[in-house]
Amino acid sequence: MREVELAIVGAGPAGLSAAIEAAKAGVNVVLFDENQKAGGQLFKQIHKFFGSKAHQAGVRGIDIGNNLLKEVEKSGVEVLLDAVVWAIYKTDTLCVTHNGKNMMVKAKKILLATGATENVLAFPGWTLAGIMGAGAIQTMINIHRVLPGKRVLMIGSGNVGLIVSYQLLQAGADVKAIVEAMPTVGGYAVHASKISKCSVPILTSTTIKQAVGKEKVEKAVLIKLDKNFKQIAGTEQELDIDVICLAIGLSPLSELAWMAGCEFADVPELGGFLPIHNEDMQTTVPGIYVAGDLAGIEEASTAIEEGRLAGIAIAESLALLSAGEAREKKQSILDRSEQLRAGPFGLSRHQAKEELIRRSLKQ
Amino acid sequence: MTLIKDGFFDRKELEKLPGVPSKERLEKGPVVVIECAQKIPCNPCEEACNKKAIKIGDSIIDLPVLNAELCNGCGLCIAACPGQAIFVVDMTYSDTKAAVQLPFEFLPYPEQGEIVDGLNRAGEKVCDAKVLKVLNPKNFDRTVVITVAVPKKFGMEVRNIKLKNGRKNG
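So the protein lines, in turn, are chains A and B.
First residue of the first sequence? That's 1 in the working numbering, and the numbers climb one at a time after it.
First residue of the second sequence? That's 364 in the working numbering, and the numbers climb one at a time after it.
Please keep in mind that the hints were generated in silico from the structure rather than gathered at the bench.
In this text, a Cβ means the ideal position worked out from N, Cα and C, and glycines have one as well.
Hints should not be assumed to be uniformly reliable.
[Unchecked claim] Cβ pair distances, simulated, as ranges:
(1) Asp240/A - Tyr472/B: 26 to 32 Å
(2) Glu73/A - Cys437/B: 48 to 54 Å
(3) Leu128/A - Leu426/B: 41 to 47 Å
(4) Leu334/A - Cys437/B: 34 to 40 Å
(5) Pro381/B - Met259/A: 48 to 54 Å
(6) Cys437/B - Ser75/A: 49 to 55 Å
(7) Leu433/B - Pro286/A: 39 to 45 Å
(8) Pro500/B - Pro124/A: 47 to 53 Å
(9) Arg2/A - Leu498/B: 52 to 58 Å
(10) Ser75/A - Glu432/B: 57 to 63 Å
(11) Pro500/B - Glu73/A: 50 to 56 Å
(12) Lys150/A - Ile478/B: 25 to 31 Å
Assemble the whole structure, with the sequences as input and the hints as a guide.
Next comes the structure, spelled out in structure tokens:
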């Protein structure tokens with residue numbers, strides 16, 4: 001069996017950032033990802049990111065991804081692609097299928113940075129062809145440059161729904177409307193304004209009643225919702241469309257953490273059930289760490305900071321960084337993360353993270 | 364019509380923002396209009412301004428505050444704003460026309476001299492607009508800044524353009 005110091009599952013922004021920080025401190029790192037290319041969702045993010053200069057604000061996600069890949073290459077981290085990690089045993093052994101071959105890897109420390117999975121919404125007709133998640137659409141338009149259809153209905157006005165609507169317009173699709181069950185727009189107003197000024201209506205207090213079509217979706221029936229989210233009969237509206245995009249949130253992709261015996265908490269502000277972790281991103285199972293969307297659904301910028309934090313904490317736990325050095329590095333990361341969770345949009349995530357850390361101390 | 368209910372500003376919401384210059388200042392010449400209304404963590408506009416006319420400060424969620432006296436309307440902040448919320452308006456462009464600089468990320472780009480539709484914040488066509496300039500330097504990183512001339516009364520209305528003659532954006 002192969003033995004490594006640190007095995008990281010998932011080469012998205014969190015996994016890559018952790019690998020870079022740990023390797024810089026001298027940790028022997030192997031990074032596994034089931035995809036053909038590292039970078040996670042970053043290569044679908046063709047828009048400019050928010051934050052400050054320290055968070056690479058103003059840089060497009062795709063370029064942040066390219067920079068991380070270059071750094072990983074320089075750092076000497078071994079990146080295994082087409083490598084599916086499908087089990088954890090005894091909290092220190094990973095079962096991996098790499099290029100079709102099975103192997104076991106024993107690691108002193110494991111970081112799970114598996115990301116998230118898209119939530120779905122069931123409504124009459126929802127299994128028709130042409131109804132898909134926002135992530136799938138981003139993959140089609142921004143990676144493979146294939147339009148899934150011409151006329152799109154977007155469900156959900158969070159930042160993902162707004163950003164993917166804008167990217168669909170850029171790709172040449174006609175976004176007919178964005179519907180939002182809540183009475184107000186979910187995402188940032190600046191994203192909403194970008195869509196509005198392109199003549200896309202955002203219909204709040206509205207949901208989809210039904211998708212209609214023979215072999216694929218041809219029409220969506222929309223309906224207004226009252227204050228209690230009950231459908232108001234007689235307010236139906238029909239839209240001719242050939243794609244319905246679901247952008248109604250993400251949930252942490254947590255199977256490996258369950259399997260390792262990590263204790264979980266249900267934190268709706270951070271996307272639901274996720275592993276309880278401490279300030280160092282360590283779960284309730286010693287030696288197993290989490291970062292990125294698995295540790296709470298947030299943005300890629302936050303995943304990068306959390307990955308760095310985990311990488312430094314792991315290097316410290318392997319005695320490759322002194323407590324003093326680690327403290328200084330961790331503090332600057334925590335300060336940057338705090339900035340990203342400040343303000344009305346970040347407040348509930350900020351509080352939820354603090355509560356999680358308090359719970360980890362009680363364990 | 365409000366920002367959080369419909370996704371775009373009404374006039375009253377807009378006038379209250381610390382990044383929006385006074386009517387008096389607008390009439391003096393080119394000046395930036397920062398249509399940023401929510402406390403989100405973001406500050407590239409502050410750094411983009413070499414006149415120090417935009418102030419956010421250490422707390423990066425604070426709204427950008429415009430010192431309109433320091434702003435000369437150079438427009439360097441337009442492409443720097445990840446939210447595409449910054450415009451430059453010159454109400455003195457001519458006796459009848461205002462010039463509006465706006466960010467644009469759709470292909471094909473319009474050409475200098477081309478007549479396009481001027482769209483308001485809700486995406487409704489309010490007037491024809493003549494393209495005066497298309498700026499696409501490397502440091503704008505694929506956010507093109509387009510200057511259009513529009514009737515003066517639409518200087519604070521036109522925030523997007525659409526190509527005519529079936530030339531489709533996207």
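Against the structure, the hints come out as follows:
Here the CB-CB span from Asp240/A to Tyr472/B is close to 30 Å, well matched to the stated 26 to 32 Å. For the hinted restraint 48 to 54 Å between Glu73/A and Cys437/B, the CB-CB distance of approximately 39 Å leaves it violated. Between Leu128/A and Leu426/B the beta carbon distance is about 44 Å. The supplied range of 41 to 47 Å therefore holds. Distance hint check for Leu334/A and Cys437/B: the Cβ-Cβ separation is about 37 Å, which falls inside the suggested range of 34 to 40 Å.
Taken as a hint, the range 48 to 54 Å holds for the pair Pro381/B and Met259/A, whose Cβ atoms sit roughly 51 Å apart. At about 40 Å, the beta-carbon gap between Cys437/B and Ser75/A misses the expected band of 49 to 55 Å. Between Leu433/B and Pro286/A the beta carbon distance is about 56 Å. The supplied range of 39 to 45 Å is therefore violated. Under the hint 47 to 53 Å, the C-beta atoms of Pro500/B and Pro124/A, about 51 Å apart, fit the expected range.
As the Cβ distance of Arg2/A to Leu498/B is approximately 54 Å, the hint placing it in 52 to 58 Å holds. Separated by about 48 Å at the C-beta atoms, Ser75/A and Glu432/B break the suggested range of 57 to 63 Å. For the pair Pro500/B and Glu73/A, the supplied restraint of 50 to 56 Å is violated, since their beta-carbon distance comes to about 30 Å. Restraint check, Lys150/A to Ile478/B: a C-beta distance of roughly 27 Å satisfies the suggested window 25 to 31 Å.
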